[in-house]
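Chemist: Chains as they are written, first to last, in this note's numbering: chain H, 7 to 402; chain V, 5 to 118; chain Z, 2 to 191.
The set of hints was computed from the structure by calculation and includes no laboratory data.
Do not rely on the hints blindly, as some may be mistaken.
[To be verified] Derived DSS-like pairs: lysine-lysine, alpha-carbon spacing no greater than 30 Å straight-line:
#: 1; chain 1: H; residue 1: 254; chain 2: H; residue 2: 11
#: 2; chain 1: Z; residue 1: 163; chain 2: H; residue 2: 56
#: 3; chain 1: H; residue 1: 203; chain 2: V; residue 2: 19
#: 4; chain 1: Z; residue 1: 167; chain 2: H; residue 2: 11
#: 5; chain 1: H; residue 1: 299; chain 2: H; residue 2: 372
#: 6; chain 1: H; residue 1: 299; chain 2: Z; residue 2: 163
#: 7; chain 1: Z; residue 1: 168; chain 2: Z; residue 2: 133
#: 8; chain 1: V; residue 1: 53; chain 2: V; residue 2: 9
#: 9; chain 1: H; residue 1: 50; chain 2: Z; residue 2: 103
What follows is the residue order along each chain.
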Amino acid sequence: MPEQKTIAATGNIFVAEAMRQCAPDVMAAYPITPQTTIVEEYAKFVAQGKVHTEYVTVESEHSAMSACVGASAAGARVMTATSSQGLALMWEELHIASGMRLPIVMANANRALSAPINIHCDHSDVMGARDTGWVILFAETAQEAYDNTIVACRVAEDPDVLLPVMTCLDGFITTHSIDRGQTIDDETVKAFVGERKPDYALLDTANPVSHGSFAGLGGPFFEFKRSQRDAIDRSKPVVERVGAEWSKIVGRPFGLIETWGLEDADVAVVVIGSSAGNARHVARQLRAEGGTKAAVVKIRCFRPFPAAELAAALKGMKAVAVLDRAESFGAEGGPLFLETRSALYDLERRVPVVNYIYGLGGADVKLELMRRVYSDLSDIASGAAAAEGLRYLGAR
Amino acid sequence: MSEPKWDLTRLGEWKAEEFPLGAVIPEAGNSQYYRTGGWRSERPVRDPKVCTQCLLCWIVCPDAAIRVAEEKIADDTFDYDHCKGCGVCANECPVDAITMVPEGCELTEAEKDA
Amino acid sequence: MQQLTEIRWHARAGQGAVTAAKLVADTALELDQYIQAMPEYGPERMGAPIQAFTRLSAAPIEIHCNIEDPNVVVVLDESLLPIVDVARGLTADGTIIVNTCKTPEEIRRELGIDHGHVATVDASGISLATLKRDIPNTPMIGALAKVTGLFTLEQVADHLRKSFGKKFTAEVVDANVESVTRAYREVAAA
């Protein structure tokens with residue numbers, strides 16, 4: 007196993023380091039809190055000559071993703087980072103990147119969307135982009151943000167996939183907290199990610215091609231979308247395979263979902279991102295106190311959605327709580343709830359599922375709030391309460 | 005006109021996986037295979053007696069449908085497989101040597117003389 | 002070191018609480034501890050009251066939230082005492098360390114608490130004498146080491162030399178080490 011270095015750094019520094027090791031040919035970026043320190047740190051790498059990346063400073067995120075699309079179509083390995091309003095401003099290009107099948111890797115520092123103005127963590131930004139055709143990975147910790155970035159590079163460029171990948175980490179909680187983690191040597195990463203070998207590069211002047219073509223009424227647009235659906239479906243085993251390969255090198259787990267305490271649990275919490283640790287911590291306390299036997303299921307890969315894996319994990323639970331750090335206003339519940347309940351629909355025995363919206367705009371995910379979730383789950387499991395209603399966890 | 009590198013005759017039946025990745029068109033200059041002549045409702049006709057060989061029509065034609073041979077407008081002037089009948093050439097001709105004629109009509113001798 | 006130590010820092014923006022939270026975490030990392038250090042970010046300007054947090058543990062730390070029940074509270078600016086409830090959630094045997102000329106007894110009366118331990122040190126005075134500027138964060142780490150026993154004076158000084166040595170002149174590094182040493186010796190607890 008290659009030697010790893012233990013360091014203390016923020017999640018953003020871990021991401022910038024992983025990007026440096028993947029050595030993209032082009033980075034086009036625009037700063038936005040709490041992502042800024044990723045591209046700032048990367049700009050330092052460029053200035054210090056530690057990477058040979060063409061660093062394009064642009065006037066907006068709309069331009070950032072446009073430049074990424076152009077560079078990726080030209081055949082370059084391309085990376086960028088954004089957050090919140092910046093991701094929202096990229097919206098049309100997100101579809102273009104996936105439709106043109108460009109393997110761009112982008113870090114997203116999960117942050118609330120205005121209004122009111124807020125710079126802190128929730129998943130409204132990425133959940134708004136969940137149907138744009140990107141593969142979406144989430145990190146719980148700075149370490150996972152590092153690992154996800156490297157895995158994303160391989161997944162995006164895999165010939166069976168060729169789709170852009172977004173790697174998400176929780177704004178401030180993960181991006182700005184100093185956390186202990188490990189980095190591996192440059193050579194190992196370089197060998198792992200390899201080189202991008204594009205099929206149709208604009209810069210390949212011996213084989214001229216057109217990118218960004220028209221497919222109108224009666225044309226093949228419908229079929230193109232079908233092939234995009236096939237590609238993201240194919241990405242699932244690729245994420246698993248590449249993740250497992252990386253896991254073997256670094257000795258850390260990597261799964262589409264990651265489960266804790268599943269074996270003998272009566273109830274379970276489904277959660278994404280940094281709050282998964284809070285959920286496990288309280289579940290562990292409750293078990294030590296002789297209380298509820300709860301499992302925690304963390305979603306690491308949100309797109310493609312691991313529906314079958316989730317159904318297998320939650321089968322037989324007496325009650326399940328889905329924690330959403332984003333709203334889907336007017337829907338039955340948050341985005342993760344909708345996906346989870348749908349994933350459980352085909353189970354023979356109905357699993358009661360309840361939805362909590364939590365932590366919007368960085369609202370602190372206090373441990374006592376997690377306790378309340380488990381307490382509600384016990385009541386539902388015992389039949390003392392019904393699994394109904396959308397619950398705003400901890401809102402005054 | 006050269007032959008296309010990919011067989012497009014069955015294009016309308018292609019399945020999703022048969023299209024090039026990401027809607028890329030993997031061959032440059034393929035618009036020649038798409039015959040737009042059928043779009044025309046009027047076709048241009050040149051009167052060689054009036055034409056001064058200024059080549060302005062050749063410059064302005066948006067479909068490169070005006071043939072030139074040895075730096076002169078060719079006798080077989082229009083590529084009717086690709087001319088869409090837009091009339092730009094007739095409009096721009098400084099000596100009115102090009103006339104737009106409704107498709108299906110022939111010029112009378114009198115019209116030709118005029 | 003106990004299983005999990007949670008430290009909450011109270012300061013005004015610009016006083017170096019975030020740097021201190023990080024320094025403590027880095028010192029612990031060198032002792033192969035697991036660490037977490039984060040400021041409570043916001044649009045604060047110089048002088049606005051801020052909080053920062055440090056977690057230290059022998060085992061991996063998996064929780065990500067603010068510290069509600071700190072084992073240790075460090076107050077870098079005593080003018081915060083009347084406006085911020087710095088003792089909020091302090092554990093029964095927790096320790097609160099305040100940068101002040103006052104005695105621990107006086108501060109305990111001001112805080113109105115009858116549990117935990119109160120310690121005081123004139124970190125600003127020490128800073129002015131050694132660093133010629135009022136940057137109380139490094140001396141407070143000396144006081145923290147002494148009162149909590151989390152680190153020895155040597156461990157703190159070694160880390161300071163290592164991390165500051167990369168950025169500052171030997172003179173500045175020595176002055177910082179002196180400030181830590183003085184605070185370590187002069188902190189009073191009750």
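Chemist: Between residue 168 (chain Z) and residue 133 (chain Z), is the straight-line Cα distance small enough, at 30 Å or below?
Modeler: holds, 18 Å
Chemist: Mind checking the alpha carbons of residue 254 (chain H) and residue 11 (chain H) for me, to see if they're no more than 30 Å apart?
Modeler: holds, 17 Å
Chemist: Measure nothing beyond the straight line between the CA atoms of residue 203 (chain H) and residue 19 (chain V); if it is 30 Å or shorter, mark the hint as holding.
Modeler: holds, 25 Å
Chemist: Run the distance test for residue 50 (chain H) versus residue 103 (chain Z): straight-line Cα separation, threshold 30 Å.
Modeler: violated, 46 Å
Chemist: Between the alpha carbons of residue 299 (chain H) and residue 163 (chain Z), is the straight-line distance 30 Å or under?
Modeler: Distance ~46 Å between residue 299 (chain H) and residue 163 (chain Z) Cα, so the pair is violated.
Chemist: Does the alpha-carbon distance linking residue 53 (chain V) and residue 9 (chain V) stay inside the 30 Å limit?
Modeler: Violated: residue 53 (chain V) and residue 9 (chain V) sit about 41 Å apart, past 30 Å.
Chemist: Assess, step by step, whether the Cα of residue 299 (chain H) is no farther than 30 Å from the Cα of residue 372 (chain H), and give holds or violated.
Modeler: Holds, at roughly 20 Å.
Chemist: What's the verdict on residue 167 (chain Z) and residue 11 (chain H), does the C-alpha distance respect the 30 Å limit or exceed it?
Modeler: holds, 19 Å
Chemist: For the pair supplied as a hint, residue 163 (chain Z) and residue 56 (chain H), confirm whether the alpha-carbon distance does not exceed 30 Å.
Modeler: holds, 24 Å
Going through the hint list in order, the structure does not satisfy hints 6, 8, 9.
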